[in-house]
Amino acid sequence: MTLPATDLMPFIVLVPLIAGPICALLPGRQWPWLIATLSTAAALVLSAITLAAVFDGSTLRYPFGNWMPPIGIEYRVDAASAFVALLITGVSTVLLPWAKVLVDDEVPERQGAFYALFLIAMAGLLGITLSGDIFNVFVFLEISSLATYALIAHGRDRRSLLAAFRYLIMGTVGATFLLIGIAFIYILTGSLNMADLGERLVNHEDSRALQVALGFIVVGFSIKLALFPLHHWLPNAYTYAPSLISAFLAATATKVALYVMLRFVFDVFGADYSFLALPLSAGFMALAISGMLMGSWLAILQSNLKRMLAYSSVAQVGYMVLGVSLVTLTGLTASFLHLFNHGLMKATLFASVGLIIWRCGSVQIQDLRGIGRQMPWTLTAFALGGVSLVGIPPTAGFISKFYLISAAVEAGQTWLVVLILITSLMAIVYIARIVEVAWLQPRPEGAPTVKEAPWSLLVPVWIMVAANFWFGIDTRLTVGASTVAAEALSGGLLP
Amino acid sequence: MTVLSFFNYWAVIVLMMIGYYCMIVRGNMIKKIIGLGIFQTSAFILFISAGKVIGGSTPILREGVDIHANPLPHVIILTAIVVGVATTAVGLALTVRIREAYGSIDDDAIDAVEEGDGE
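As given, the protein sequences belong to chains A and B, one line each in that order. Throughout the first sequence, residue numbering follows the numbering used here, covering 2 to 496 in sequence. Throughout the second sequence, residue numbering follows the numbering used here, covering 49 to 167 in sequence.
Derived from the structure by calculation, the hints contain no laboratory data. Treat the hints with care, as some may be off.
Footprint (simulated), chain A over chain B, 3 or more residues, beta carbon under 8 Å [as the list claims (entries may be wrong)]: (1) 80-89; (2) 98-107; (3) 121-129; (4) 133-139.
We treat Cβ as the ideally placed atom computed from N, Cα and C, and that holds for glycine.
Please build the complete structure, drawing on both the sequences and the hints.
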């Protein structure tokens, strides 16, 4: 007997959500990790089944408690949400086996609670992705955010506490902005279901309240996705969090915020309303470009390896938003592609950096001199992840930049191509700096010899490196899913 | 009279600005959390006041009552209040840990300590 994908789909969220509290109760170091890994892998299998079911452009709907929407809450999955869910679960499944030893090192006590928080943060992100109810999105956003604050505070450096506190203040303001936006929508229509709102809001398009709601929601999500200049929480949070959390957040959290913002802008408000009611296209473009330039520039200036990658994330969020700002189908496809590919490459980079920090005990770039000869496999993985970040073929990064440039040319904005090339060159500068320090400079006299990381940790990192190249050569899954996702979001309205 | 008829919105705006100001200006972390609480509460009031129906009774079905207040905003905001309480709890827990680590809960004082560390 095989269950239909519609009935399996809610378990993508439920499996980690139920496994979380179980983890919290388990003692020791082995069991919590095992439960976390198994439930994440189960969620990955379920996401893959779901994506296969919606790949033809169909939509799966699951009303909870059999209360039909718009009264009940429903999960609503199309290619866009299934694609993002696959990214979250896929990255987590590869990261958890890698993280075992590092978590033992960084969080020696109460690992049950740590893995429980990790699973709840993941379940929250998956819930945001799958839910078809705007208030449910707010609740899941807060579930994942609260778990994330606690996870960041697990860092060994005391500055992780400050980073978590400042992220809590900014993140809660963002979430409350979303709540205010939802309040306006509810006051106007009396509905909270996304699909239902898509039909009802058409009657309120001349209302000022709707315009205000859109403004609040876009700003709220912009804080969560670290769109320049609202990115101030991100560098500290990524720098001081434990390695597993840095890699997990960099690969998934900002991506989910971007996805759900697009869901609101395109599905709830409708693309033909959103981009006329507010100057979203021009605003996104200006912020995306300043984010690309400033993020890359600040990344070049950093002396802390993790902080450099964090600023690079600010720049990469710029690329994704730039694709959206073109308001074309190709632009949206490029955004989705980069959303997925950037998740892959940042997971690779943070994973290899995690190993470097574990072995060297330092995040300062100057302490990495000559380390390339002592940890060749780790540093090669880092360099290959960097190649993907810069966008050199045949890597995943090249594919998304190629689509972004095609979208810019297609929209008649040829000058954007120059900007994309300039920021890619800046990415070469900050990646090449690490490669230069690690390989070409000699190990200083008296520096301790660093051992290569064990194979059990290198294998997951190299799986991600291989994925970067695989999705740079065989683009059927990524480009196919991105195209269907963009079409599903835009509802065939975009040129 | 139109100004007064929007009384609930005025209350929301005043509360929101008080909370926001408190969060931005105050260096003390407890006061920041208080500000955050006021800010969130303003959004709750905005949502709840939308459930009021003029002349409406409590939303219980009974003889002779046709107009009811809308109960749904209350239920929704109950969830949001729980989220707000959880946020405050996490914020306070972090503040306790920050005080243990730095011996202060003032933003400026902590920044001074961090700059003394040399990074």
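How the hints compare with the structure:
Evaluation of the coverage hint for the region 80-89 of chain B: fulfilled, as 4 residues show C-beta separations to chain A shorter than 8 Å, against a requirement of three. For the region 98-107 of chain B, the stated coverage by chain A is not satisfied: 1 residues place a CB nearer than 8 Å to a CB of that chain, which falls below the threshold of 3. Three residues within the 8 Å Cβ limit are the bar, and the region 121-129 of chain B against chain A gives 4, so the coverage statement holds. Counting residues of the region 133-139 of chain B whose CB lies closer than 8 Å to any CB of chain A gives 4, so the stated coverage by that chain holds, three being the minimum.
Violated hint: 2 only; the structure is consistent with all others.
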